Amino acid sequence: MNFFERFAIINSGLAILGRFSRSQPRFFLIMVGAAWGVLYETLHPSAWRRTVIIEFRRNLRQLVGSGFFSVVVVAVITGLGLVSQAVYWLGFAGMSQMTGSLISSVLLREIAPILVGVILLGRSGMLMLTEMGNLTTGGRLKILTGMGIDPFLVFVVPRTIATTVSGFTLGTIFSVIALAMGYVACWAKGIVTTSIWSFIFEVVNSMEPGDYLGIPLKFLLSGASVGLCCCLSGMDVTAEDNLTTFMPRGFSRGIMSILVINVLIDVILGSF
Numbered sequence: 001m002n003f004f005e006r007f008a009i010i011n012s013g014l015a016i017l018g019r020f021s022r023s024q025p026r027f028f029l030i031m032v033g034a035a036w037g038v039l040y041e042t043l044h045p046s047a048w049r050r051t052v053i054i055e056f057r058r059n060l061r062q063l064v065g066s067g068f069f070s071v072v073v074v075a076v077i078t079g080l081g082l083v084s085q086a087v088y089w090l091g092f093a094g095m096s097q098m099t100g101s102l103i104s105s106v107l108l109r110e111i112a113p114i115l116v117g118v119i120l121l122g123r124s125g126m127l128m129l130t131e132m133g134n135l136t137t138g139g140r141l142k143i144l145t146g147m148g149i150d151p152f153l154v155f156v157v158p159r160t161i162a163t164t165v166s167g168f169t170l171g172t173i174f175s176v177i178a179l180a181m182g183y184v185a186c187w188a189k190g191i192v193t194t195s196i197w198s199f200i201f202e203v204v205n206s207m208e209p210g211d212y213l214g215i216p217l218k219f220l221l222s223g224a225s226v227g228l229c230c231c232l233s234g235m236d237v238t239a240e241d242n243l244t245t246f247m248p249r250g251f252s253r254g255i256m257s258i259l260v261i262n263v264l265i266d267v268i269l270g271s272f
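Counting along the sequence shown from 1, when you hit position 168 you're at 168 in my numbering, and nothing is skipped either side.
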């Protein structure tokens with residue numbers, strides 16, 4: 001094997017390594033740039049034209065309406081299961097004074113944002129992904145661009161803002177219902193004898209100062225990541241893709257974005 005053959009083999013290996021290295025962070029970088037674009041357009045009143053406002057209102061009604069029942073059911077199950085069991089076993093172990101801190105750290109800070117994000121992803125995110133994927137594969141996004149209509153402004157911006165608002169709204173509903181159902185289950189079993197207001201005050205009083213910022217941020221950014229990830233995944237499909245290929249890819253990206261957002265907020269707030 002002469003010098004040129006060795007050089008060709010090394011060059012092809014480096015090319016494969018370079019393609020792999022570029023492909024891994026590609027979608028992450030797209031999401032970072034698109035997130036900045038959504039924030040930039042949202043803060044400019046000129047971007048909120050009639051078509052954008054109509055799209056925002058339509059998606060907000062769909063997101064809150066379709067996710068409300070699912071959030072209520074999951075919150076009831078979570079409250080009856082997690083909260084009541086936590087209160088029971090802490091009381092059994094003689095550690096009932098830790099009830100508020102455990103519920104605030106486990107339920108409100110960790111479980112609620114992830115469950116609400118997954119509900120948004122499954123109930124509405126997949127619908128956005130399918131719609132945007134069909135528009136892309138059908139060539140209609142290119143037609144809109146040729147007509148002078150910006151698909152990013154018309155579709156991505158209002159849907160991302162709608163999922164952001166929905167994430168906070170549904171997250172608040174989830175937290176309140178889960179705590180209330182946990183109290184009802186404990187009160188029915190005779191585990192808790194205080195009033196519901198004392199129970200909620202104990203939970204709120206046990207929260208750390210960073211939780212008052214971190215929990216709302218998790219709800220907001222989890223919803224935003226779902227909307228942004230699903231829209232961009234739908235616009236990122238190719239002619240070779242179909243429902244069986246781009247839907248699993250978009251779902252896995254959505255789940256990953258929810259988990260990354262929650263971990264990053266915990267790490268950042270934990271460092272202060």
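The set of hints was computed from the structure by calculation and includes no laboratory data. Note that this is a predicted model, so its numbers are computed, not measured. Among the clues, some could well be false.
[Claimed, not checked] Derived Cβ-Cβ restraints for the label pairs, each shown as a range:
hint, residue 1, residue 2, range
1, N134, S198, 47 to 57 Å
2, T172, G210, 14 to 24 Å
3, G139, S271, 41 to 51 Å
Built from N, CA and C at the ideal position, the CB exists for glycine as well.
For this session: Of all the hints given earlier, name the ones this structure violates by number, lowest first.
Result: Checked against the structure, no hint fails, so every one of them is satisfied.
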